[in-house]
Amino acid sequence: MTLRAFLTNRRAMAGAGILVFFALLAGLAPLIAPYSPTNINFPPMLGPSAAHLLGTTANGQDVLSQLIWGSRDTLIVGLVTATLISGIQLIVGIFGGYVGGWIDEVLSMLTNIFLVMPGLPLMIIVAAYVTVKGTVPIIFVITVTGWAWGARVLRSQTLTLRSQAFVEAAQLSGESRWRIVLTHIVPNMAGILVANFFGAALYAVLSEAGLEFLGLGNVNTVTWGTMLYWAENDEALLMGLWQWMVLPGVCIALLGTAFGLLNFAVDEVVNPRLRRT
Amino acid sequence: MNQRIAIGLAASVSLAFALAAAMASNVGAAGVKTGGTLYSAMPWGTIPDNFNPFLPSGSNAGGTLSVIYEPLFYDNSVNGQLVPLLGTGYKWEDHNLKLVVTTRRGVQWTDGTAFTAKDVAFTFNYLHQYPVLDLSRIWSTGLTSVTATGSNTVVFTFSKANTPAFLYIAGQAVVPARLWSKVKNPSTYTNPHPVGTGPFTLQSFNPYVVKYVRNPHYWMVGRPYIHGLVIEAVKSNDTSLFDILKHNIQFTYTAITDVAKTFAARAPAVNHYWWPVNNTNLLYMNTQEAPFSNTAFRIAIAEALNTKLIATRAYYGAIGPANPAAFVPAQAKAWFNPSLKGLEHPYSPALAKQTLKKAGFKWTSTGQLESARGNPLPSYRILVGAGWTDFITMAQVVSNELQAIGISTTIDQEPWGTYESSLLTGRYDMAICWGAGTGPTPYYDYEQSLGSQYSAKQIGQVAVSDWSRFTRPAIDRALQSFRQTSNLAVQKRDITTVARIILRQVPFVPLTNRPNFFDYQTATFVGFPNAQNPYNAGDPPDAPGANLMYTRVHLK
Amino acid sequence: MSLLLEIAGLTVGYGAGPTAVLAVQDVDLAVHTGEVVGIAGESGCGKSTLALAATGLLDPPGRVLQGGVRYAGQDLLRLPPAALRHVRLRQIAMVFQASMNVLNPVLRIRDQFLDAMQAHGITSRREAVERTQAVFELVKVPARFLDAYPHQLSGGMRQRTVIALSLVLEPRLIFMDEPTTALDVVVQRAILQSVNDLRVQRDFAVVFITHDLSLLIEIADRIAIMYAGYLVEEASGPELYQQPLHPYTQALMQAFPPLGAVRSRLQGIPGQPPDLRQLPPGCPFAARCGKVRQGTCDTVRPAMTIVTPGHRVACHLYPVSTEGGKQA
Amino acid sequence: MTAPVQAAPEGSATTDSALVLEVRGLSKSFTVGSIGRRRRVRALNGVDLRLERGEVLGLVGESGSGKTTFARALAFLDSPTGGEIWLEGVRQPLQPTPRDLHRYRSRVQMIFQDPYASLDRLHTVYRTLSQPLRSFRIAPASQTRAACAELLESVGLVPATDFLDRYPHELSGGQRQRVGIARALAARPALILADEPTSMLDVSIRLTIMNLLLDLQQGRALSLIFITHDLAGANYVSDRIAILYAGHLLEIGPASALMHDPYHPYTQLLRKAAPDPQGGFRRGERFDASGEPPDLTELAPGCPFVPRCPQARAACHPHLPAWRELGGQHRVRCVLYD
Amino acid sequence: MRYLTRRVLVLLLTGWAALTINFVLPRLMPGNPAEVMLARFQGRLSPRALAALTVEFGVHTHQSLLAQYVAYWGHMLTGNFGLSLTYYPASVAQMVAQAFPWTLGLVGISTLIAFILGTGIGIAAAWRHGSRLDGVLLPVSLLLNSMPYFWFALLMLYLFGFVLGWFPVGGGLNLAHQAGGWAGLGAIISHAILPAATITITAAGGWVLTMRNNMVAILGEDFVKFARAKGLPDRVVEFRYAARNAILPNFTGFAMAIGFVVGGALLTEIVFSYPGLGYLLYEAVLNLDYPLMQAIFLFISLAVLVANFLADLAYILLDPRVRAVGRS
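First to last, the sequence lines map onto chains A, B, C, D and E.
Here the first sequence stands for residues 1 to 277, where the numbers follow our numbering.
Here the second sequence stands for residues 278 to 833, where the numbers follow our numbering.
Here the third sequence stands for residues 834 to 1161, where the numbers follow our numbering.
Here the fourth sequence stands for residues 1162 to 1499, where the numbers follow our numbering.
Here the fifth sequence stands for residues 1500 to 1827, where the numbers follow our numbering.
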């Protein structure tokens, strides 16, 4: 029922289409990228040409290859972070909502605190404190600062589900708490979980780009974020290498839009109040 | 290229052999238009509300050290000239144990009182009284006393000979004794109403713009030509670049990416840059840590690096590769001993591999280097400052080239504070940074980079400036000999000794030259320093050398 | 009694094209001044859709596909929006099914009354307040609740308030769609009584929509029975009570356990209403009907027959006659 | 109607094998409001009830009367705050351990009001029904499916195999409620609490579901508490009817007696207000009902119905009247019968 | 006022937590401000000078953590944040006080504009939902919402600042002007337009989306339908009935939104060389200026907290229901 609603949802399909496109790009990067993204042996600052469809960077890297390979690490950061964030949200939300009591009080307070703490500044500070720079710390930093909102949503959803008749009926059927959580609560939150997942992925991709831009990222990888970092620092726009500056941003925005569309569509499918169009 | 932290290599000083009467040629030049306000924008972020000349540049408002306070002499590291400012002459006496400096007559502090040798003596004794202020460690050079022996003579007495110390003395900003003797806590005193001898006085200040106005009683008659100077603090190199491209400002100090194309070519008639080399960018290796403690390993790294490519990638041809013994080009001719020829390590990955093989290293089937015992080497970190894209670019090339001989590396960009303290405490594998000292002879860099008094015995302890933590008694002896003499031949021999050790043992790999990044445009004002008229070394607008520019620039 | 509202051949669908679901099909219904017309049927029979369509409140994807609604000589469905707006509340008021939620939760009751009156030209605040107080008195809600927010009222009070609001401009017709379903019997009874009193005083007509036929029998002058979007029977209340003709109506009458009678097993209506997306040919009730005649009921859709004056039924048991008389 | 009930609710024959449930002084209150303005909502105030094996009790009350609270307290979905619950002669702790609950629920089951909300939309009928079978170890794993089919047949969903693998959205409201009934039956309980099981169903199928409940109850000698606001419905299914108002029982007695001759003014009011399909057109009939059920946070000590009672008098105010038995197990709590 | 008490409690606890995290973070840090200071002075400090400095910064205290914590609170409450390492010997309080008004002005005003603009567009889209406007707005808002702030800022700066020259290329004030007077104000405004537009455009997308969704949901509510049935003019229904309610959930989402905007503003400030807290924080981080970092983070957190608290208060004012005492 919901799957079909999802499959016939134009927004979902548009979002999924973009995501699949980037996923293919990422998956097939070794096959379709003309060069290695870290190969710095081309003449720098070339405009678009047959050999370099999108030109080269100021460091003599092929922009197209970087763009293609960049999708890989960008997606990895986005999806891995979103997975971690979703995991925390699920645990905090369910613990808070279903177990209740003082655990809930503590977790709620923690959630509220992280909710109010401004994400990027906190991220910057934590990133400054993390001494080893790399993709893992970046994922860590974004995860730590990005879970609160979804956890709050999931908690209230858990609270709602907990008082639903079918959950009470399951209690009366002699089901244990944890079986109820696993077989009733979690599956019924799947839609919101998925929507949150895409929201978190959007947050992660944007945050990664922001950290890279600030020079707090990992320069060893090629992501759209690092591309922007280099393009900005090497004055891509002044050099007339607009494609180097514009395209990674467009890719981030498109990927973000895909995540947003999916988030939105799942929301629409799950929440019938929005399904009136 | 984004050295957002404008920690100047400001106190660049030199030793001169002859005093140049540089003033004469310019004073009273005919047809000079006076008036106008000169603008600059610097990526400083914010301007500190502080005009204390004893603090390092960057901690006080830009201009404090260039237009308000003046030192005794300005040493031009580019042309080797020594320009007299508050001092007019000096001589070493008593086997180099006594330095006698004559001070300028007829100079007035901006509050109307007269400048005398007493102020000079006061300033140096003040540094002794408050060691926090003695940034150049003048009182660690063997100096024992400073006294004014007349209204225009100051005598510096040393316990042991140290001729290079003159440079530090020459560059110290001088303050009025009358006012500073009353200051209680000079290290935190913000000096809100600065009184100096310089060509300008403070007009107004806010955290984003500081304005100076011409000092009508400046000791150089008729100077400065311009009436005002405004320095704006901007947040990024982009902004200052945009500002100068739009001719909102006349000059800035920014390492512009591909400066010829991005900046100069946009208005070839008026947009200019002058990037005179005065230092070297080095690849430091932590010699207290394996395998960088292994000389053969370091040599192999030197052989594996194509410094030409590194320079091209990092500076787009504006700056060239470094001399392998880290001589600055302007000094190489004078100081490079032909006997050093052949000790360099030319770029050759094959040779590098051979060197490694000879030292017992092996390679895995995938081409990774492993130790003699067959343990694959880990990935080493190359430390660079966050956002310093010239260094990061160098690191990328280095990383690529080391990969070619089987050494894997990752680039570790750190915020400036972490970067610097990692460098000082030896918590790094490899790092890219400039040479620790600059001056008119290689001595200054060698002393700072390799002198055992600046090193540390263990990782974790602070090595003040010997960041590769490499020391040799032979080096210390050579430096000691250099200090105690004013005989050029002896000094040359000493420098050659150190250079030979550098080439043979490679404590660091010189990568590229390092210049001052001076950019200017001549649409409305002229008279900026350049290669044809290098009256200063392209110093940043807050460094003492900029003083010379402010007294020469005038309306077109 | 004069004709007030005339629904003729009204067909309403949701969606468009071949997948459209016809919620109301070819319904004729007249409402005269001052009378109470009851519409009864199971959920999904189209009674609420009929009310919305007849008042021009149908939201997309619902659409009137055929037929018309005439109110006091005007074609309601073709009125320009501005004119239609003036008909609402002032001429035709509507009390909704989920009355609990029809009041704006963030506005005080008083303001919601004032909004309504302002929209219909009563700009004097004093007049508006006076009118409001008057209707509050009518529906027996203390005037202090004027300053309350909806959530501060009990369900019964809220329902009374909504009825008061529907009365404040003295309309001539009120649609009441399950106005008391969510309420307890005692409150329901009290409200029905109030409405009836008011109706007598002010002489407005009521279209009362409910699934509770027993309630309609008690209060309605005329009752229309709907099933699967069709009007299947219409008669005066007493007539329908005494002589329900359509097997569905009969079953519906039997579907409520009696209050006082001796207890005996009753049978409900077997099966369930048909899926409107796949309406079978023939009589929509055929599948559940105890008197079904194979070959006829399941193939031919029965037409409306006037059995006696004022009593119509659409059932093959009562074949169409030109006289309108009853044939055995 | 089955065996007569004992007169005094205070009776002590808790070992009586015919007695399935005995409730004594059951109370439930909630705390609402913030610090400083805490108020207690007293939803149930000392309810006494006894239920025999195979008996159907109709519990009738308006919304807010506490009837749902009663069902939930009995099912331990919300723990009662006071009183005693004896099940088949065993006293149930008011703060039960999970083990206590499991044992109790194998004997007491519940049918929910909303057939749409009470089934997990993601679980098939089979999955829903197998849950109690598994957790109460009713049927071995190999026979679960057969047992489920059997349950479905017993609630009239035939052929059962057509329904086993359906999801709730593939069922009509009536069919869902049948599944809900089957689930309650699966545990083979002694007592089923049916909380307004027909109020959300279409009028046309309400009777069918009531009939089903009666058939099942009679066939299995189940006890049933049928909770409703519909007096006629209660009358249709129940042996006895109890009237609940503001958390207090006001009247209890054999269904027919209570319907024909209600004692309590409130019961009379209910009786009068209920629509009566046999009553015909009665628009002009006067009916005096002002006021609404009381605020449960501000209950006065006397009879809770006083503010709405047309026959209220001074004696009603000081305290709740005692129970009076007026013949045939028909008891009432009202000063009119003192 | 249960809701308000809870909010105040959350405010206090969150404030406490923010301060405590602020206390803990630098102490988890491996580095040592003394080393940083040494680096700052380019290694030229003698050990004696260094010792003097560290005492000044109060970093080498051998107190217990608890004593440090108590002292820290004392400092926080008296506004004594210590000295900045970067801008030594300026005090942290002085630096923050300089930057704060700029950020407050820029972020405050652009957040407000973004909120009003986004909410307005969201209302319009939902009111016409299903229309082309709505169809286009959604992906556009998503796109705007998904753009990296700094990237968009860079493009805006390049296009409007550099190429077209309509606006200054950065800074908060013109080179020629000091703050003060009309010219100063004009300069401030002209410098603020681009960064404010950047923040507004990227932030408004989020508000459009949430507002549209809320509004679509509210439009399905009975009270909106009833408002139309009352014959209220469209504008009244749209704003007083639908939008008025749809805006309420936004206040609970304000926390995240404002945090996000502050984060985005930080990047924007850096791109536009805007003299606010964002840039200062960036500087502080690059220089490991712990005292400054601590104070700025504290300030931002508290500002967000206060903004949230104000949003909560507004929520209370706008929604009578949260004032009510409800079941917990």
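Take these hints with a grain of salt, some might be off.
[What the hints assert, rightly or not] Reference listing, derived: stretches of chain B covered by chain E, where coverage requires no fewer than 3 residues with Cβ under 8 Å from a Cβ of chain E: (1) 322 to 330; (2) 518 to 524; (3) 786 to 799; (4) 816 to 830.
No lab work stands behind these hints: they were computed from the structure.
Here a beta-carbon is modelled for each residue, glycine too, at the ideal position from N, C-alpha and C.
Hints, one by one, checked against the model:
1. Evaluation of the coverage hint for the segment 322 to 330 of chain B: fulfilled, as 6 residues show C-beta separations to chain E shorter than 8 Å, against a requirement of three.
2. Chain E is given as covering the segment 518 to 524 of chain B, and this holds because 4 residues of the stretch bring a CB closer than 8 Å to a CB of that chain, at least three being needed.
3. Evaluation of the coverage hint for the segment 786 to 799 of chain B: breached, as 0 residues show C-beta separations to chain E shorter than 8 Å, against a requirement of three.
4. For the segment 816 to 830 of chain B, the stated coverage by chain E is violated: 0 residues have a C-beta nearer than 8 Å to a C-beta of that chain, whereas at least 3 were required.
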